[in-house]
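Engineer: Sequence:
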Amino acid sequence: MAQQERFDWWAAQPAGRKAVLPSPVRRLTLGRSAARTAVEPSAAASAAPEETSVSAEAAAEVYREVQASAAFQEIRRGYRGFVFPATVAFLAWYLLYLGAQAAAPGLMRSQVAGPVNVAWLLGLLQFASTFLLAWLYARNARAKRDRAALGLRWDTQDQLR
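Note that the sequence shown ends on residue 161 in my numbering; no numbers are left out.
Treat the hints loosely; a few may be bogus.
As the list claims (entries may be wrong) - Label pairs and their calculated CB-CB ranges:
#, residue 1, residue 2, range
1, R153, E57, 38 to 46 Å
2, G106, L136, 44 to 52 Å
3, R153, G123, 34 to 42 Å
4, A100, Q67, 17 to 25 Å
5, L125, A71, 17 to 25 Å
6, K144, A92, 35 to 43 Å
7, Q101, D158, 50 to 58 Å
8, A143, W93, 21 to 29 Å
9, Q67, S110, 46 to 54 Å
10, Q67, L107, 48 to 56 Å
Derived by calculation from the structure, the hints in this document are not laboratory data.
Cβ coordinates follow ideal geometry from the N, Cα and C atoms, glycine included.
Construct the complete structure from the given sequences, taking the supplied hints into account.
Structural biologist: Given below as structure tokens:
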């Protein structure tokens, strides 16, 4: 797939249709000069007075600009800053559990309380750590990324109207 077409899948309209957007369509101005999107003359003449048709390519360009923007990159950096270390930590914890099962079966059979042994305890802690990780992810997203992503979404939608 060509680089030009890489992100067109979300903005693509069914064959023969053009996106209908209010006039005039503004372009994303994150770090760039304020520019107005060119509206196709034939589409402007056939549209209702308050609406103007813009090609799918123009709409896709707005999304490409958003993707290249510093605000979007900061949101992705925040996402990756949490998800990658959390994934590594969870996989390490899981592999430690599996390694302990294979390397130290005597230790894993040690009784902790009643019929519960170390293996059962560590297995149940795997579930607990999954729920803890999900809670931490939601808290991190709510505190650090959701507001910025919503603002970027509203800006983008304003540009597509």
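Engineer: Hint by hint, say whether it matches the structure.
Structural biologist: Status of the hints after comparison with the structure:
1. The hinted range of 38 to 46 Å is not satisfied by R153 and E57, whose Cβ atoms lie roughly 21 Å apart.
2. Under the hint 44 to 52 Å, the C-beta atoms of G106 and L136, about 34 Å apart, miss the expected range.
3. For R153 and G123, the Cβ-Cβ distance of about 41 Å falls inside the hinted range of 34 to 42 Å, so the restraint holds.
4. The hinted range of 17 to 25 Å is not satisfied by A100 and Q67, whose Cβ atoms lie roughly 43 Å apart.
5. The supplied range of 17 to 25 Å is broken by L125 and A71, whose beta-carbon atoms lie about 39 Å from each other.
6. Judged by the Cβ atoms, the range 35 to 43 Å given for K144 and A92 is violated: they are separated by roughly 24 Å.
7. Distance hint for Q101 and D158: a CB-CB separation of about 55 Å, consistent with the stated range 50 to 58 Å.
8. Distance hint for A143 and W93: a CB-CB separation of about 24 Å, consistent with the stated range 21 to 29 Å.
9. Distance hint for Q67 and S110: a CB-CB separation of about 53 Å, consistent with the stated range 46 to 54 Å.
10. Our hint of 48 to 56 Å for Q67 and L107 holds, since their Cβ atoms are close to 50 Å apart.
Figure legend: structure checked against the earlier numbered hints; hints not met, in rising order: 1, 2, 4, 5, 6.
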